[in-house]
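In case you want the letters, here they are:
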Amino acid sequence: MSELEFMSPVGSGHLSTSDGGISLEDISDCTKVLVRAGRGTAAGVHLKVTYGRSRRRRDGTLICGSRPDEWTLLAGPGQGAAVVGSVSDEGFVSIVDISHGRAMLRISGSDSVDVLAKVCNVDLADDMTPDGAVFSGSVAKVTCDLVRDDRDAGRSYLISCERSFGGYLFAAMADACAEFGINVPAGLSVH
Amino acid sequence: MIVVPCPNCGPRNSSDLRNAGEVVARPDPATTSLTEWRSYLYLRENPAGWVTETWYCRSGCRRYFTIERNTSTNEIRESESS
Ligand SMILES: [Zn+2]
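If you're matching them up, the sequences are chains V and S in order.
Okay, so the first sequence: first residue is 1 according to our numbering, each after it adds one.
Okay, so the second sequence: first residue is 1 according to our numbering, each after it adds one.
Extracted from the complex, chain S is given alone in its bound form:
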């Protein structure tokens, strides 16, 4: 079990939430290239270590929030960008 701290609901089992994946910067659709847009849609760093992720609190407050998770240890800490 991974305990994920929702800023609204407090600590919750990860089965009550959905991992919406790594945070990636969205390029401006008006000026982006096809390669850059494809990489935004499909390519992720997927490191063994700390990654900034978006989670969706689907059983609780139904809000999205950002945390940092270590993909090797599942340790979780507050995100500097949240």
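The shape of chain V in the complex, shown without the other chains:
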């Protein structure tokens, strides 16, 4: 089956500061696959990571323990069928490609934690949410799934929400970034 062409719910692509303090990027086109599986199943054994943690599979897929007995698999754009096919569906298991149903942003840079702390009430300290942590919570009043996925030894977070909130979430995050030097384009204001 060929992949459907992806249409991002976010109107803007990539905002950043020249000093690298903040980078806010729409990566909604990445592949997202939801797996629900009982602990004794082959899928559960293969995915392995517990709720709250993530690990990168050898093929680059990020396996996130997004809830008890539930995993979200993240990969590059257009890999839905391949990622779905990489998990055994034997037993009481459900595997769904949710790529088109959810928006996803990446916020990176040294100021990213301060931006996120403005709009998210989860403790972002290293001992509570270290690199690799998977957690869910309210971000600018939208229920989101978050993964701390540090890049080049710098802080980086993946934030995903339901597709219909994607445009608002990007605008709200851009607004939160404004005081750290991001130029928020006209038309992206939440005020």
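Hints listed in this document are in silico derivations from the structure and should not be mistaken for laboratory results.
None of the values given here were measured: they were computed from a predicted structure.
Ideal placement from N, C-alpha and C gives every residue a C-beta, glycine not left out.
Take these hints with a grain of salt, some might be off.
[As the list claims (entries may be wrong)] Take a look, some chain S residues computed to stay more than 10 Å from chain V by CB distance:
| # | residue |
| --- | --- |
| 1 | ASN8 |
| 2 | GLY10 |
| 3 | ASN13 |
| 4 | SER15 |
| 5 | VAL23 |
| 6 | ASP28 |
| 7 | LEU34 |
| 8 | LEU41 |
| 9 | LEU43 |
| 10 | PRO47 |
| 11 | ALA48 |
| 12 | VAL51 |
| 13 | SER59 |
| 14 | GLY60 |
| 15 | GLU68 |
[Claimed, not checked] Some, not all, of what chain V presents toward chain S, calculated at C-beta under 10 Å:
| # | residue |
| --- | --- |
| 16 | THR17 |
| 17 | HIS46 |
| 18 | ARG67 |
| 19 | ASN121 |
| 20 | LEU124 |
| 21 | PHE135 |
| 22 | SER164 |
Could you slot chain S with the ligand onto chain V? The hints should help.
Below, chain S with the ligand without anything else, positioned relative to chain V:
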């Protein structure tokens, strides 16, 4: 702000959860009376003091759990029945 300890997610702001109300024993639908069933559906003790409650972790793990909360002080402790 009330901090509610989710057994899966840790301490969370109560705005991330939903209070599903006092824990009440469900009578057997096969043998219950109308009065008893109505009281199970609608009537609560609502004390000023300790009450055993169910909470739903809607933004986090999406699981239900039981805690005890003091309705006068919002102090929270582990439930003996959980
Ligand atoms: Zn929870």
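Okay, the hints, checked on the actual structure:
1. Distance check for ASN8 (chain S) against chain V: the nearest CB is about 6 Å away, which does not clear 10 Å, and the non-interface claim fails.
2. Not every CB of chain V lies more than 10 Å from the CB of GLY10 (chain S), the least distance being 8 Å, so the non-interface label is violated.
3. Distance check for ASN13 (chain S) against chain V: the nearest CB is about 5 Å away, which does not clear 10 Å, and the non-interface claim fails.
4. At the 10 Å boundary, the C-beta of SER15 (chain S) falls inside the reach of chain V, the nearest C-beta of that chain being 7 Å off.
5. The claim that VAL23 (chain S) is not at the interface with chain V holds, since no C-beta of that chain comes within 10 Å of its own (minimum 21 Å).
6. The claim that ASP28 (chain S) is not at the interface with chain V holds, since no C-beta of that chain comes within 10 Å of its own (minimum 29 Å).
7. The beta carbon of LEU34 (chain S) is kept farther than 10 Å from every beta carbon of chain V, the shortest such distance being approximately 38 Å.
8. The beta carbon of LEU41 (chain S) is kept farther than 10 Å from every beta carbon of chain V, the shortest such distance being approximately 29 Å.
9. Listed as outside the interface, LEU43 (chain S) is consistent with that label: its C-beta sits roughly 32 Å from the nearest C-beta of chain V, beyond the 10 Å cut-off.
10. At roughly 29 Å from the closest C-beta of chain V, the C-beta of PRO47 (chain S) stays outside 10 Å, upholding its exclusion from the interface.
11. Here ALA48 (chain S) stays apart from chain V, with its beta-carbon at least about 29 Å from theirs, past the 10 Å limit.
12. For VAL51 (chain S), the condition that its CB be more than 10 Å from all CB atoms of chain V holds, with the nearest at approximately 25 Å.
13. Not every Cβ of chain V is farther than 10 Å from the Cβ of SER59 (chain S); the closest lies at roughly 5 Å, contradicting the non-interface assignment.
14. Not every beta carbon of chain V lies more than 10 Å from that of GLY60 (chain S), the smallest distance being close to 5 Å; the non-interface claim is violated.
15. At roughly 23 Å, the least C-beta separation between GLU68 (chain S) and chain V is larger than 10 Å, which holds for a residue marked as non-interface.
16. Of the supplied interface hints, the one on THR17 (chain V) is violated, with its beta-carbon coming no nearer than about 30 Å to a beta-carbon of chain S, more than 10 Å.
17. Among the interface hints, the one on HIS46 (chain V) is violated; its C-beta lies about 22 Å from the nearest C-beta in chain S, farther than the 10 Å criterion.
18. The closest approach between the C-beta of ARG67 (chain V) and any C-beta of chain S is roughly 5 Å, which is under the 10 Å cut-off, so the hint is satisfied.
19. Taken as an interface hint, ASN121 (chain V) checks out: its beta carbon lies about 5 Å from the nearest beta carbon of chain S, inside 10 Å.
20. Taking 10 Å as the C-beta contact cut-off toward chain S, the hint placing LEU124 (chain V) at the interface is violated, the least distance being around 13 Å.
21. Taken as an interface hint, PHE135 (chain V) checks out: its beta carbon lies about 7 Å from the nearest beta carbon of chain S, inside 10 Å.
22. Proximity of SER164 (chain V) to chain S is violated relative to the hint, the smallest CB-CB distance being about 17 Å (cut-off 10 Å).
Hint compliance for this structure: hints 1, 2, 3, 4, 13, 14, 16, 17, 20, 22 are broken, all remaining hints hold.
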